[in-house]
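Colleague: Starting from the given sequences, assemble the full structure and let the hints guide the process.
Chains as they are written, first to last, in our numbering: chain B, 911 to 1206; chain E, 4 to 222.
Errors might be hidden in some of the hints.
In the DSSO-like style, the derived pairs of lysine-lysine whose C-alpha atoms are separated by at most 30 Å in a straight line are [as the list claims (entries may be wrong)]:
1) B:K1065 <-> B:K1136
2) E:K162 <-> B:K947
3) E:K162 <-> B:K1159
4) B:K1065 <-> B:K985
5) B:K1064 <-> B:K979
6) B:K1065 <-> B:K979
Hints listed in this document are in silico derivations from the structure and should not be mistaken for laboratory results.
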Amino acid sequence: MKRIIATLVAVIFAATACGGASTAPSATPAASATPSKPKFELSTYMYAIQTKGKIRIGTQEDNFPFSVKNPATGKWEGFDVDVGRELAKAIFGTSDDPDKNIEYVAVTSATRIPSLTDNKADVIIKTFTITDERKQQIDFSDVYFITGQRILVKKSDDKIKEAADLAEKTVCAQRGSTSEQNVTKATGGRAKLLLLDSYPACLLALQQGQADAVSTDETILFGLVKQDPNTKIVGKPFSDEPYGIGIKKNQGNDRNGFVPFVNQWVGTLISGGTWAKLYEKHITPVSNDKKQTPKG
Amino acid sequence: MIAFQFPDLFFGGLWLTIQISVLGLAGALVIGTAVALLRVSPTALLRWVGGAYVEFFRNTPLVVQLFFLFLGLPLIGIRFSTDTFENNFRAAFIGMGLYHAAYVAEVVRGGLLGVERGQIEAARSLGLSYPQMLRFVQLPQTFRSVVPPLGNIAIALVKNTALASTIGVAELLSAAEIVESRTFRAEESYLAATFLFLVLTLPLGFVVNTLERRMVIAR
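Modeller: Right, here's the structure in full:
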């Protein structure tokens, strides 16, 4: 019985492997990947991931244009998702379908840190602002994206133009996010905060007049404007939001060499021009600008 | 304790939780009893209406109902208040009341049916009208038998108020989440919220137990 199962598993494995690499059919599943597979020190976490065969990438299911799980196809799409695919390639070698080496872990703003500290994900790539408070809990990679917090209002609204105008207004933000604290800071605590679980809910509240404005990172607001063309983004950015890739702290040597590796990879992602291509693909359609590096 | 470092959030949250619980429970008892009376009514149509109410509210998630009351109703022009925070607060306790009324209705209906048929027939043959019979014979006995299960519903309601955080009501759970996101002291924040919930539910449980014992002796 065991042998039958073993044979079946081998057959299925071989079949899927051939299907995945149809351009270069090979006898053994391993052979196709081996040539381009990067080599790592045995003690490093990259080696551990490579051996396991999958990297667990934590990202959000509804965070256009950064990460969206397409409801029609079930495939993940977006800037953060493609950054994750590049990271998978850096660990497992170039491949037509990096997704076969990726296990996506759906996270929300509130579960990002716990999913790292509880070892549910290897990296969090999800519009994750680097802050000193968060650094006490987890490590961040170098900055791979920079954005700022702005304000979304109805197109008909000509009263709210800057952060200062938010005083005494009802402002919607996501509970457990830096946006909420930035609004409090920018208005000296004079804005009334409506804290909901997601920005689509905030948009709904704005549409119905339950909130006067929605405030968060500009990049998230782009997604909302795309959903509802009757809204507009106003004001200068009143925060500097550097996004990093979240990684569990190297406690007990369980993440050896991982942060330096990711940092080096972020560097080549930007200098090699891949970053600019991803920006143009995912961000430009909503921002109408082009950037070569996170800084501009 | 972290609750004293953020008293506005935690104790403000506790106060909102208490308000939603009390108003929600009052609503649930009134609506629930009314629905139970519909369910045992002699008229088939009324029985059907009562049944439909119970099935609808019992078989859809409370969080969806709350979301509908807060963000769905304004789409058809209904709003409980022009002020957003008054509106979501009202949506919260109205939602609590409507949802738990379905459970109250089932409990009260059980109690109504538990009253001996003979007593009802005796009351009617003595010349009491249907409302009089309810008022003097069936309902008093019902209330006695339904106190313990109603107590359980009350405790469930207090705990379910945590869902009001999803529509932006700054109740206890929401306070814990906000403090957690500011301090990253997750364990302390949620333990504080847990403790404050227990401060509400444990005495409630004690009251229910005491009432239950009293009722048994009185019988």
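Colleague: Hint by hint, say whether it matches the structure.
Modeller: Right, here's what the structure says about each hint:
Taking the CA atoms of B:K1065 and B:K1136, the gap is about 13 Å. The hint holds against a cut of 30 Å. A C-alpha spacing of about 53 Å is found between E:K162 and B:K947, which places the hinted pair above 30 Å, so the restraint is violated. For the suggested pair E:K162 and B:K1159, the alpha carbons sit about 35 Å apart, so the restraint of at most 30 Å is broken. Between B:K1065 and B:K985 the CA atoms are separated by roughly 33 Å; this puts the pair beyond 30 Å, and the hint is violated.
About 28 Å separates the Cα atoms of B:K1064 and B:K979, which keeps this hinted pair within 30 Å; it holds. Taking the CA atoms of B:K1065 and B:K979, the gap is about 29 Å. The hint holds against a cut of 30 Å.
Violated hints, in rising order: 2, 3 and 4; the structure is consistent with all others.
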